[in-house]
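Trainee: Please build the complex by placing chain B on the supplied structure of chain A, with the hints as guidance.
First to last, the protein sequences are chains A and B. So for the first sequence, my numbering puts the first residue at -1; every next one is plus one. So for the second sequence, my numbering puts the first residue at 21; every next one is plus one.
In short, the hints are calculated from the structure, not lab data. Any given hint might turn out to be false.
Claimed, not checked - Derived list of chain A stretches under chain B, where covered just means 3 residues or more per stretch with a C-beta under 8 angstroms from a C-beta of chain B:
| id | segment |
| --- | --- |
| 1 | 9 to 15 |
| 2 | 29 to 38 |
| 3 | 50 to 63 |
| 4 | 69 to 75 |
| 5 | 98 to 111 |
| 6 | 138 to 145 |
Note that the Cβ used here is the ideal one computed from N, Cα and C, for glycine as well.
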Amino acid sequence: MTLHQIAFAAVAAVTLISAVFVVILPNILRAALFLVFTFLGVAGLYVLLNAEFLAAMQVLIYIGAITVLIMFGIVLTQQLMGARIRQATQVRMVVIALPVVLIAFAGLAKTFIRPFASAGEHVAAAPAPVDAGTLHQLARMLLQPYVLPFELASLILLAALVGAIVIAKEEKD
Amino acid sequence: MPPVTWYLYVSAALFCIGLFGMMTRRNAIALLMSIELMLNAANINLVAFSGYLTEHTLVGQVFALFVITIAAAEAAVGLAIVINVYRTVQHINADEINIMKW
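Just chain A, same shape as in the assembly (with noise of 0.2 angstroms):
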């Protein structure tokens, strides 16, 4: 094993482990910690795939505004004091759930990931470009080719700003 695999086992390894605390601790705030982690092995996933700039945008948006949100909306709406905040997952549905899931899993490698198995050399080990000038074309798609869902994204960010400000605000009759 290369370095490069072996920090990718590294990272893989962190974001999976952190992603199932997400899902199976009771705390939910708690939860909501492990969840940076996870969004943590995520960039790291980008770094070792050469998207520099989207690591950066994971740690900014989902790590620094996206978890922060959850976590507000967790203490506005827990009574953090009483027993409330444990959300017991029920048995019941994790006994249906777990072979839902792994069915699904076992689907996805087969239908999905397996062809790429065999697809080639150039698809097995492309060396991803490491050159500077990543940003720089990333900038240049955005804004030349790309500029119009870019502007429409900026529209649905304004329209989502305004719509959870008059979503959340308290009626005062």
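Mentor: Positioned in the frame of chain A, the structure of chain B alone reads:
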């Protein structure tokens, strides 16, 4: 470089963990967290294919950037709805919020 299938397996596993969370959790915020896991799994796929298959165009990275934008908007609006629901019915158990069922 690890082969592209390694990234695909990690992404599929992350998606399935999110699916498990969606099926077992009852708290609405925990459901939102599971959705974020599944969106991240999709992003890993996009960036992996961008790096391995179309290494000179970065289309996958651009698309992943848009997915992150939508995820941020979704989290903001979703949490606003959760807070509003909590103000109305004093809990956020997703399977007990059924006043729109009739």
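Trainee: Against each hint, give a clear statement of whether it holds in the structure.
Mentor: Here is what the structure says about each hint:
Three residues within the 8 angstroms Cβ limit are the bar, and the segment 9 to 15 of chain A against chain B gives 3, so the coverage statement holds. With 5 residues carrying a beta carbon less than 8 angstroms from a beta carbon of chain B, the segment 29 to 38 of chain A meets the three-residue requirement, and the given coverage holds. By the rule of at least three residues with a Cβ nearer than 8 angstroms to a Cβ of chain B, the coverage given for the segment 50 to 63 of chain A holds, with 7 such residues. Only when three residues or more bring their CB closer than 8 angstroms to a CB of chain B does the claim for the segment 69 to 75 of chain A stand; here the count is 5, and the claim holds.
Judged by the Cβ-Cβ criterion of 8 angstroms, the segment 98 to 111 of chain A is covered by chain B as claimed, because 9 of its residues qualify and three suffice. Evaluation of the coverage hint for the segment 138 to 145 of chain A: fulfilled, as 3 residues show C-beta separations to chain B shorter than 8 angstroms, against a requirement of three.
In summary, this structure violates none of the numbered hints.
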